[in-house]
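K.L.:
Spelled out from the first residue to the last, the chains are:
Number of protein chains: 2
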Amino acid sequence: MYDFSADSADCARAIEAGLSDYLTGARLSGPGPAADRVVAAMRHGALEGGKRLRPLLVRQAAAIFSLPKPAALSTGLAVEMVHCYSLVHDDLPAMDDDDLRRGRPTVHKAFDEATAILAGDALLTHAFALLSDPLCHPEAEVRIRLVSELALGSGAGGMVGGQMRDIEGEKGGFSPGEISIMQSMKTGALIRASVRMGAILGGADPRALSALTAYAEAAGRAFQLADDILDVTATPETMGKATGKDAEAGKQTLVSTLGLEGARKVLNDTVTEAIQALRTFGPKADGLRATARYFASREK
Amino acid sequence: MYDFSADSADCARAIEAGLSDYLTGARLSGPGPAADRVVAAMRHGALEGGKRLRPLLVRQAAAIFSLPKPAALSTGLAVEMVHCYSLVHDDLPAMDDDDLRRGRPTVHKAFDEATAILAGDALLTHAFALLSDPLCHPEAEVRIRLVSELALGSGAGGMVGGQMRDIEGEKGGFSPGEISIMQSMKTGALIRASVRMGAILGGADPRALSALTAYAEAAGRAFQLADDILDVTATPETMGKATGKDAEAGKQTLVSTLGLEGARKVLNDTVTEAIQALRTFGPKADGLRATARYFASREK
Chain A
182 MYDFSADSAD CARAIEAGLS DYLTGARLSG PGPAADRVVA AMRHGALEGG
232 KRLRPLLVRQ AAAIFSLPKP AALSTGLAVE MVHCYSLVHD DLPAMDDDDL
282 RRGRPTVHKA FDEATAILAG DALLTHAFAL LSDPLCHPEA EVRIRLVSEL
332 ALGSGAGGMV GGQMRDIEGE KGGFSPGEIS IMQSMKTGAL IRASVRMGAI
382 LGGADPRALS ALTAYAEAAG RAFQLADDIL DVTATPETMG KATGKDAEAG
432 KQTLVSTLGL EGARKVLNDT VTEAIQALRT FGPKADGLRA TARYFASREK
Chain B
182 MYDFSADSAD CARAIEAGLS DYLTGARLSG PGPAADRVVA AMRHGALEGG
232 KRLRPLLVRQ AAAIFSLPKP AALSTGLAVE MVHCYSLVHD DLPAMDDDDL
282 RRGRPTVHKA FDEATAILAG DALLTHAFAL LSDPLCHPEA EVRIRLVSEL
332 ALGSGAGGMV GGQMRDIEGE KGGFSPGEIS IMQSMKTGAL IRASVRMGAI
382 LGGADPRALS ALTAYAEAAG RAFQLADDIL DVTATPETMG KATGKDAEAG
432 KQTLVSTLGL EGARKVLNDT VTEAIQALRT FGPKADGLRA TARYFASREK
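Chains as they are written, first to last, in the numbering used here: chain A, 182 to 481; chain B, 182 to 481.
It is worth saying that the hints were derived from the structure and are not from the lab.
Any given hint might turn out to be false.
Claimed, not checked - Sample of chain A residues with no beta-carbon within 10 angstroms of chain B, all distances over it, derived:
1) 189
2) 218
3) 275
4) 449
5) 459
As the list claims (entries may be wrong) - DSSO-like cross-link-like pairs, simulated, lysine-lysine; straight-line CA separation at most 30 angstroms:
6) B:290 / A:352
7) B:352 / A:290
8) B:290 / A:290
9) B:290 / B:426
10) A:290 / B:426
11) B:250 / B:465
Since this is a predicted model, take the numbers as computed values, not measurements.
Glycine included, C-beta positions come from ideal geometry on N, C-alpha and C.
Construct the complete structure from the given sequences, taking the supplied hints into account.
P.N.:
Following this line, the structure appears as structure tokens:
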């Protein structure tokens, strides 16, 4: 019987330790206090936080193909570093202008804006350094496919493009269809990349990769929908960040267009769709099933 | 007889055309005006400008191993996109706060800060997407080595780490040795990566790669030294950007510590060192020799 709480806590511990090990001045940069500053800011942006859901998806997808958990660690670290860089940059004054993240000062508050820009840039860059290392996977052919997945998932057709659309959408006038596209890019694309990267690590054939992609796209929609619902229903204390920001900013989400109950119904249907995409995989996909259910039930 | 002016102009044309072809909304992102905005900002930051010296180094290094110029194009585009992203982010108000770049408004002036941050992020990300594509090189083993070179050259131990040290150095107190380390990271690391990526594309053996690395490190020092000298001697009109900024900011360079004549002597010695590193390669290295000489003689 798969235990989501235990497995996700174990993954979070492994990622925390892996990030802490990788993000050191001795490994990443040269000697001297100036070199330590950008690494310290990278650590601030990456450590002590988050549910590490993307690395969890990487290793849950790889587990379908019996890949041991440690073999998915480097790939999980790379995906998490991209997620963390996006938060560091999104928090900047020119973007969402957030002072708090996970209950702590954001990187530009703890350091300064220039350091936060550079720390985000470096987290993104080193994600690709991690994937290029043979520790990630012994075969170059697999590693280069991971690079492609991560780059396309986080680029102008994925995460960054979604963030741009989100900013444009705040000016108003997005239809529900346009909101869906924006969200599928902003958060969906990296979730999709995480699942696909796990599958590629595990050596999935095209048919399995296609089923897992369908899972990931539904799970990504569920994740974003839950986030929009929590922005309305949760408190800043629970979330460790400001809530009610979407409404305050006049930002359109599926909650503002469908109402809270309508959005909850769509969320449940979407989780069901994600789980159905896994029907050929048997008990080895229980991890991914549990994560999709978690997306619908999470309280922060 | 190698013609530097003709070859560098040809390379700049190929890179301009290649960037313009790659940086389109239809290729990079989905439909709709919001998607076009980040791509338009990427184009503003990458097109119509620059001497494209890094892609020139890529193809000149590859030429030693008889690689045809078009086969070095994708790699050159990737290196140039990393260079351009670094300029877009360096120009931001929180960093160098520049309004002009190559005589045109910087990206955050032509668009806004959030868009400039995202466009820089996307240029960096898509550099790795380009390298992961088989169009770059048919062998995955070669492509993943290129990813590694580019990531390590532009990360916390390379370009971004150098930029962080540069900001710290403006507060004063850097010794000439610390200035050298900072410069070798800030501009030297990407020049080094460019030459090495060309050598890797060409299939250089370890001995040739080592000689080319020595060339690249000396050439990178020459490039930065020439830049520091031009900051003192050139006009904003010639450079298409503000000059005298180092002195104004109290920034220490080798010109401020050695004087103009002292710096010019070190520059000439450094170019000689770069050219000597190429002594085993014969006429196929004339391109790299000419580029090193160009670094010492350029007027903008």
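K.L.:
Against chain B, does residue 459 of chain A hold up as non-interface, every C-beta pair farther apart than 10 angstroms?
P.N.:
Holds, because the least Cβ-Cβ distance between residue 459 of chain A and chain B comes to about 27 angstroms, which exceeds 10 angstroms.
K.L.:
Taking only the CA atoms, is the gap from residue 250 of chain B to residue 465 of chain B under or equal to 30 angstroms?
P.N.:
Distance ~13 angstroms between residue 250 of chain B and residue 465 of chain B Cα, so the pair holds.
K.L.:
Please check whether the beta-carbon of residue 189 of chain A is more than 10 angstroms away from every beta-carbon in chain B.
P.N.:
27 angstroms, holds
K.L.:
Given the hint that residue 290 of chain B pairs with residue 352 of chain A, test it: the Cα-Cα distance must not exceed 30 angstroms.
P.N.:
Holds, at roughly 20 angstroms.
K.L.:
Quickly compare the C-alpha distance for residue 290 of chain B and residue 426 of chain B to 30 angstroms and report which way the hint goes.
P.N.:
19 angstroms, holds
K.L.:
With 10 angstroms as the threshold, tell me whether residue 275 of chain A passes as away from chain B on beta-carbon distances.
P.N.:
Its Cβ does come within 10 angstroms of chain B, the nearest being 3 angstroms, so this is violated.
K.L.:
Checking one constraint from the list: CA of residue 290 of chain B to CA of residue 290 of chain A, max 30 angstroms. Satisfied?
P.N.:
Judged against 30 angstroms, a Cα distance of about 24 angstroms means the pair holds.
K.L.:
Residue 218 of chain A: least C-beta distance to chain B exceeds 10 angstroms?
P.N.:
6 angstroms, violated
K.L.:
Going straight from one Cα to the other, do residue 290 of chain A and residue 426 of chain B come out at no more than 30 angstroms?
P.N.:
27 angstroms, holds
K.L.:
Is the Cβ of residue 449 of chain A more than 10 angstroms away from each Cβ in chain B?
P.N.:
27 angstroms, holds
K.L.:
For the pair supplied as a hint, residue 352 of chain B and residue 290 of chain A, is the alpha-carbon distance within the 30 angstroms limit?
P.N.:
20 angstroms, holds
Hint compliance for this structure: hints 2, 3 are not met, and every other hint is.
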